[in-house]
Every structure is written in structure tokens, then in C-alpha cells.
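Model the placement of chain G with the ligands on the given structure of chain X, informed by the hints.
Note that the protein sequences, when read in sequence, are chains X and G.
Heads up: the first sequence begins at 1 in the working numbering, then just goes up one per residue.
Heads up: the second sequence begins at 414 in the working numbering, then just goes up one per residue.
Rather than coming from a laboratory, the hints here were simulated on the basis of the structure.
The structure presented is a predicted model; accordingly, all values stated were derived computationally and were not measured.
Warning: the hint list may mix true and false statements.
The calculated label-pair distances, taken between Cβ atoms and stated as ranges, are [claimed, not checked]:
1) X/349 x G/641: 57 to 65 Å
2) X/362 x G/564: 49 to 57 Å
3) G/487 x X/306: 38 to 46 Å
4) G/592 x X/384: 51 to 59 Å
5) X/18 x G/438: 50 to 58 Å
6) G/565 x X/313: 18 to 26 Å
7) X/403 x G/612: 33 to 41 Å
8) G/429 x X/384: 50 to 58 Å
9) G/485 x X/306: 41 to 49 Å
Calculated lysine-lysine pairs in the BS3-like style (CA-CA distance at most 25 Å, straight line) [to be verified]:
10) G/558 x X/14
11) G/580 x G/613
12) G/562 x X/14
13) G/562 x X/4
14) G/490 x X/408
15) G/490 x G/580
16) X/8 x G/419
17) G/548 x G/490
18) G/544 x G/490
19) G/486 x G/544
20) X/107 x X/4
21) X/410 x G/486
22) G/558 x G/538
23) G/548 x G/562
24) X/8 x X/408
25) G/490 x X/4
26) X/246 x X/131
27) X/8 x X/42
28) X/14 x X/404
29) X/404 x X/8
30) X/152 x X/95
31) X/8 x G/558
32) X/95 x X/236
33) X/410 x G/613
34) G/562 x X/8
35) G/544 x X/4
36) X/4 x X/116
37) G/558 x X/4
Okay, the calculated bits of chain G under chain X, using three or more residues with CB under 8 Å as the criterion [as the list claims (entries may be wrong)]:
38) 486-497
39) 506-514
40) 519-526
Just so it is clear, CB atoms sit at the ideal spot from N, CA and C, and this is done for glycine as well.
Spelled out from the first residue to the last, the chains are:
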Amino acid sequence: MFIKLALKSLLNRKGSVVLTLMAMTISVFVLLAVEHIRYQAKENFAKTVSGVDLIVGARTGSLNLLLYSVFRIGSPTNNIAWESFKQIANNPQVKWAIPITLGDSHKGYRVMGTTKPYFEYFSYGNQHKLKFDQGSAFNQVFDVVLGSDVAKELGYSTGDAIILSHGLASTSFSLHDDRPFTVTGILEPTGTPVDQTLHVSLEGIEAIHINWRQGVKMPGNKMTEEQIEQLELKPKSVTALMLGLKSRMATFHVQREINQSVREPLLAILPGVALSELWQMMNILENTLLLVAILVFVAALLGLSAMLLSSIRYREAEIRLLRVVGAPSVFLFFLIQIETLMITIVSLILGAGILAISLAVAQDFLISRFGLPVSSNILSESAAYYALGIIAASIVIAIIPSLKAYSKAKINI
Amino acid sequence: MSISLKNVYFTYPDAPHRPVLNIPCWTVAPQEQVFVHGPSGGGKSTLLNLLSGMLVPSQEGQGGQGEVSILGKRLDKMSQRQLDRFRANHIGYVFQQLNLIPYLSSVENILLATYFSAHKKARVKSADVEKLLTKLNISPDDWSKQIAKLSTGQQQRVAIARALINKPELLIADEPTSSLDQDNRDNFMSVLVSLVAENKITLVFVSHDKSLSRYFNRIDALSDISCLSGARGCS
Ligand SMILES: Nc1ncnc2c1ncn2[C@@H]1O[C@H](COP(=O)(O)OP(=O)(O)OP(=O)(O)O)[C@@H](O)[C@H]1O
Ligand SMILES: [Mg+2]
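Chain X with its partners taken away, still in its complex shape (with noise of 0.2 Å):
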């Protein structure tokens, strides 16, 4: 009987109650989803990279070499020599090198030019090495290997051919249409920027670069792939190297030695020290958009709050007549707490649903824009406790017309 006059009551305030609980939804939509994509990119962010124990790169700022190397964000300043490549990875502390180059890409794809190592070494999240879904890795100079969102989202599978443009832009229309390369392997979904990521050998790009000079392609008499594999493919130069150690104690040693070459001058970073700076950077602004989501809420509650206590004016003969027939003053104070909650959890509901489906929707979007893998499954741990403050909150707020109902009560007539 209580829950059904509460909730009668409720239905016969249809045009207030229902603006009111619009609010609460999309201050709950607004709590819940900048709480969850916080928390995926927190979760997402610190699983880039592992396994990894130096970058090394031309110098720079530390975090543009993080951002351009895993994030593959911004572009390089400079590059390193092949030689000083070498020499690191000669150096006896470091057990593998693995080098990178960047600077083409594929229908808004970065792709990366690396050695077969990669595959073996690279790792992310918590020391997953990286799987092959369908193929293997690249052999010939022409073969590519496909991060899974791009073989996704543009329908590619092993054996199709695809050109590859110099530079960045999706757009660009200086392709390497001579030279189609042919899809020898698809990855396994990472969550990480190597999902949005075409891996082909050196080689191939340095083959790619044949009779171009300056960025732009030279015209001539084009060369066959027999003729290509005849030709030694050495780079000169490449993007960035990835360092695994033999052991954990050398790292700041051989950090300090990189730092410190002669022959050109070179920045090595520890990834996890650049990428919880990195995060520390991104807290400032993913606080504020927490403080400005908390403020929402609190808007909305007073919304419901002055609601209710307008209402109240509206049903002194209503808590007049339950007073009569023998209503404790109390019971007034818990029908209007029983009302609110009514409010709150409906909201609630409303506002995650709302916010799983638009996930859902906007998954794609934010994998192919942003590079943020995000789930739509938003039942989490926080997520929990969001809803539990939520709830809790309404009622202290809720606490307000309450004591106004419950006092119209005990005062009587």
C-alpha cells in the first residue's frame, strides 16, 4: 500500500515528476559515463606498452616520444641513424632491439615499419604477447600485417592486396599505387594502438621509397619486384627502437649511456615512468570533467528536492486525511523519501541503459577516432559505488522536503 500510493502520487504529478526525472537521467548519464570512460582509458592507458624497457628515439620531450612511438600520435622530429641502431643493440646489457619507423599510412592508418622480432617481443597489458588471429608474420619485402581493427573496420583478410600512401592523411594522393602489398597476417583485438596499426618489414618501406625523393615520387622506369629483392634494402635511418634488457638493474645505466651518446643526440625513456606522466597530465583535465559531472548531479537533485518540497504545499489535505485515518507523522517522511528513491533508481536505470547503448553505438567511433577502445559493458566495481553515492546522496538531499512533510504532519490541521 505505501509503495502503490507513492508511487499513484507520483503518477498523478505526471508533467513534474517526469521533467524532473529527465534531469536526474542525464545527470546520471553524465556521472556514469565520464566514471566509465575514465576508467577504461585509466585501464586501457596503463596496458599499452610492457615488456618494453627503454625507447630510445631522437631527443625530444619525453612524452612526445612515448606519444608518437606506442600512441603513434604526433609525428617524429628526427630520426636515429641505422648505425647508432646498431651500436645500441650491440650494446652486451641489451638483450633484444627492436626498430620502428613511422611515417605512411593506409586509409587513415598509421603504418609502421618494424623487424619480425616485434612479434615476439612486443608485449601489453599484463605481459600478453601480441597473437596472430588469422597468417603469420611478415617474409617478403611486399607482405603486410594487420592490427585487427583495421582488418575490421575495413574488411580485409590474409591474401588481399592493399596500397599503402606516403604520409598521413587519409586522403592523401600520393600513393604507393606501384607497389600493392599483400596481407599475410591478421592480429588478435589488443585494446591498443597496435590494433589501429599496418606492420610491414624495413625493408618494405624502404622499397616503397624507391625513386621517391623529397616526399614526392620520381618518374622513371619502374623496377620489378625480382629487381626490388636484388637490390639490398638497408635503411639508413629509422623512427624509434624498443629495448628489451637482459636484466632489470641495467636500465638506468644504459639509459644514462644512450642519453649521453656522441654520435647524435638520443632520448631513451622508461614507458612506464612517461605513460603514469603521461596520465598524471590527463588527471587534471579528467578531474574537472568529474567535478563538472558531481555538479550536474547536485543541480539535479536540487531540481528533485525543490520538486518534491513544492508538492508538498500542493498535499497538505492528502497528509491532513493520512493523518486522520491514523498515519504516524513518520510515515509522511518516508513516503516522500519512498517517492524520491522512486525517482533516483528509475533515473538510474534510465541513465545507464541510455548510456550502454549509446557505448555501443559509439564504439566505432571511438576505436577508429580516438584510438580508445571502450566497453559497453559498464557494470564495474565503481560503477557500483557510483550508483550507491547516487542513491545515497538523493536521500540525505531528500531529507529536505521530508522534514517539511513530516512536520506538516505533526502539526496537524
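Same frame as chain X, but now just chain G with the ligands:
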């Protein structure tokens, strides 16, 4: 006695020096049907609220708090919670208007009244509700209609059903007919009087409309019950 008031003095807290009621002694026997008339603003509603325990008598000088005894129970000695329960279980109340929650149906309103009378809740069946509504000339089509969609006359009759569902020993009516036209008023009064007699209920009915006095066997003027200036004591 169903009702026995002794030395009951009442002022509203916001006007502590203007007594509204001062009742040296007033009693009503079981099953008596009393009509109390008095001018508007005379304190009729206040008197009824004292009888139902919605208001409690004020302290008067050294005289202490007066006695309000209903069905042999001293309301002035009860706690708030006991008063609420007593009211739910033993007293029916009909007002001038807004007797029912407008967004509930007749049946829901009546069941709501049973919700608070703990020990009677179990005994009230929907058959009882239907019987009562039939007796009050409410057609079955209207039982589950929202109250707001019923006519004023129908609403007041449903209000009687709501007041009687818990089988109270005392029914209090505060000008229940003032919003009704002549025909509805006669209809209402005859139904009320016959139900009250049939169920052996004590009735206190207040109104400023003396023409209603023909339905009652005892008629009191408020000015005789309450003497705001002058003698006191139970005669
Ligand atoms: N809640 C209240 N607070 C303060 N004064 C009140 C309150 N209710 C009534 N009064 C005052 O008490 C006096 C008696 O009021 P009451 O409502 O009992 O009169 P009544 O006889 O029922 O009048 P009516 O026939 O118009 O209903 C009036 O002067 C009124 O102004
Ligand atoms: Mg009155």
C-alpha cells in the same frame, strides 16, 4: 460514556491568550447522535480535533490539563503513537471536503484507511468494501474510478465508507454536507443516519446549518458546551 470532557481548555499556540474552547464538562452517551451547531469560527472543528486526538488540550493556568476521555480511554495521557493507533482503530472522520486521496480509486481509498488500523486489517475483505459501497449507492462502475472523476455527492458518500470501514465506535463529521446541494444532502444524511444506527455508532456531527438538526435526537449549541467567559464546573 463514549465521550467525556472535563475542564478542557484550548488555545492555538500562535494566539496563546485567545481561548478558542473552554469546556467545563461535556458528555456523550454510547450510540447517541449529537448535532453541535455554532457560528463559523466558533471552534467546532477545533472541538472535533480534540475528540480525535489530532489536537491536545492546552495547559490552563494552575488548573492543569483537562481530561479528554473517549470510549473510556484518556487521550490526554496517550503518546503520539498511541493516539495515531487509537484514531485508526476507533474513530471515523468525515470532513467538509477533500476526504479522499484524489488520485486513488474508491476501493483504494477505503483500503488505505484499513492500512493503519493494525488489528483490523486482517478482517477487512474486499467483500466488506463492496457491501459498504453498495449500501452507499455507489454503482460498481465507479468503484475503481479515480476519486477526482466522481461527483461531489459520490465523493462524500465514499468518504462515509472510508470512515466506517474500520468499524469505529465513534464517528465524527465536520460539516460533511456543506458542499452538497439539497437532494444530495438529504440522500447523504439519511444514508449516514441509518448506517450509524445500524452499526451502533456514536455520532458527533457539527454544522452551522440548523436545518440538519431534524436528523438528530440531541442538539447542542457550541456556546452552551464551551463557556469562554463565566462559570465552570460539571453540573
Ligand atoms: N491552525 C490554527 N491555528 C491558529 N488558529 C486557528 C487554527 N485553526 C483555527 N483557528 C482559529 O480558531 C478559531 C476556531 O476555528 P475553527 O476552525 O474551530 O472554527 P469552526 O467553528 O470550525 O468554523 P467553520 O464553521 O468556519 O469551520 C477561529 O478563530 C480560527 O481563526
Ligand atoms: Mg470548521
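The hints, checked one at a time:
1. X/349 x G/641: 57 to 65 Å: Taking Cβ atoms as reference, residue 349 of chain X and residue 641 of chain G lie about 60 Å apart, which means the hint holds.
2. X/362 x G/564: 49 to 57 Å: holds (55 Å)
3. G/487 x X/306: 38 to 46 Å: For residue 306 of chain X against residue 487 of chain G, whose Cβ atoms are near 43 Å apart, the range 38 to 46 Å holds.
4. G/592 x X/384: 51 to 59 Å: holds (53 Å)
5. X/18 x G/438: 50 to 58 Å: Roughly 56 Å apart at Cβ, these two residues keep to the hinted range, so it holds.
6. G/565 x X/313: 18 to 26 Å: Given a distance of about 24 Å, which is inside 18 to 26 Å, the answer is holds.
7. X/403 x G/612: 33 to 41 Å: holds (39 Å)
8. G/429 x X/384: 50 to 58 Å: The hint (50 to 58 Å, Cβ to Cβ) holds, given that residue 429 of chain G and residue 384 of chain X are roughly 54 Å apart.
9. G/485 x X/306: 41 to 49 Å: holds (48 Å)
10. G/558 x X/14: holds (18 Å)
11. G/580 x G/613: holds (10 Å)
12. G/562 x X/14: holds (17 Å)
13. G/562 x X/4: holds (19 Å)
14. G/490 x X/408: holds (23 Å)
15. G/490 x G/580: holds (24 Å)
16. X/8 x G/419: With Cα atoms ~43 Å apart, residue 8 of chain X and residue 419 of chain G exceed 25 Å; violated.
17. G/548 x G/490: violated (37 Å)
18. G/544 x G/490: violated (37 Å)
19. G/486 x G/544: violated (31 Å)
20. X/107 x X/4: Roughly 58 Å between the alpha carbons, so the hint for residue 107 of chain X and residue 4 of chain X is violated.
21. X/410 x G/486: Between residue 410 of chain X and residue 486 of chain G the Cα gap is close to 22 Å, so the pair holds against 25 Å.
22. G/558 x G/538: Between residue 558 of chain G and residue 538 of chain G the Cα gap is close to 19 Å, so the pair holds against 25 Å.
23. G/548 x G/562: Holds, at roughly 20 Å.
24. X/8 x X/408: It holds: about 21 Å lies between the C-alpha atoms, which stays within 25 Å.
25. G/490 x X/4: violated (34 Å)
26. X/246 x X/131: Measuring from Cα to Cα gives roughly 24 Å; hence the hint holds.
27. X/8 x X/42: violated (44 Å)
28. X/14 x X/404: Distance ~21 Å between residue 14 of chain X and residue 404 of chain X Cα, so the pair holds.
29. X/404 x X/8: Holds, because 20 Å separates the two Cα atoms, which is no more than 25 Å.
30. X/152 x X/95: Not satisfied, since the Cα-Cα distance of roughly 34 Å exceeds 25 Å.
31. X/8 x G/558: The hint holds at about 13 Å.
32. X/95 x X/236: At roughly 23 Å apart (the allowed maximum being 25 Å), residue 236 of chain X and residue 95 of chain X satisfy the hint.
33. X/410 x G/613: violated (32 Å)
34. G/562 x X/8: It holds: about 15 Å lies between the C-alpha atoms, which stays within 25 Å.
35. G/544 x X/4: holds (24 Å)
36. X/4 x X/116: The hint is violated at about 68 Å.
37. G/558 x X/4: The given pair, whose Cα atoms are some 16 Å apart, holds under the 25 Å limit.
38. 486-497: holds (count 3)
39. 506-514: Coverage by chain X holds for the region 506-514 of chain G (6 residues, Cβ < 8 Å).
40. 519-526: holds (count 4)
Against the hints set out earlier in the document, violations occur for numbers 16, 17, 18, 19, 20, 25, 27, 30, 33, 36.
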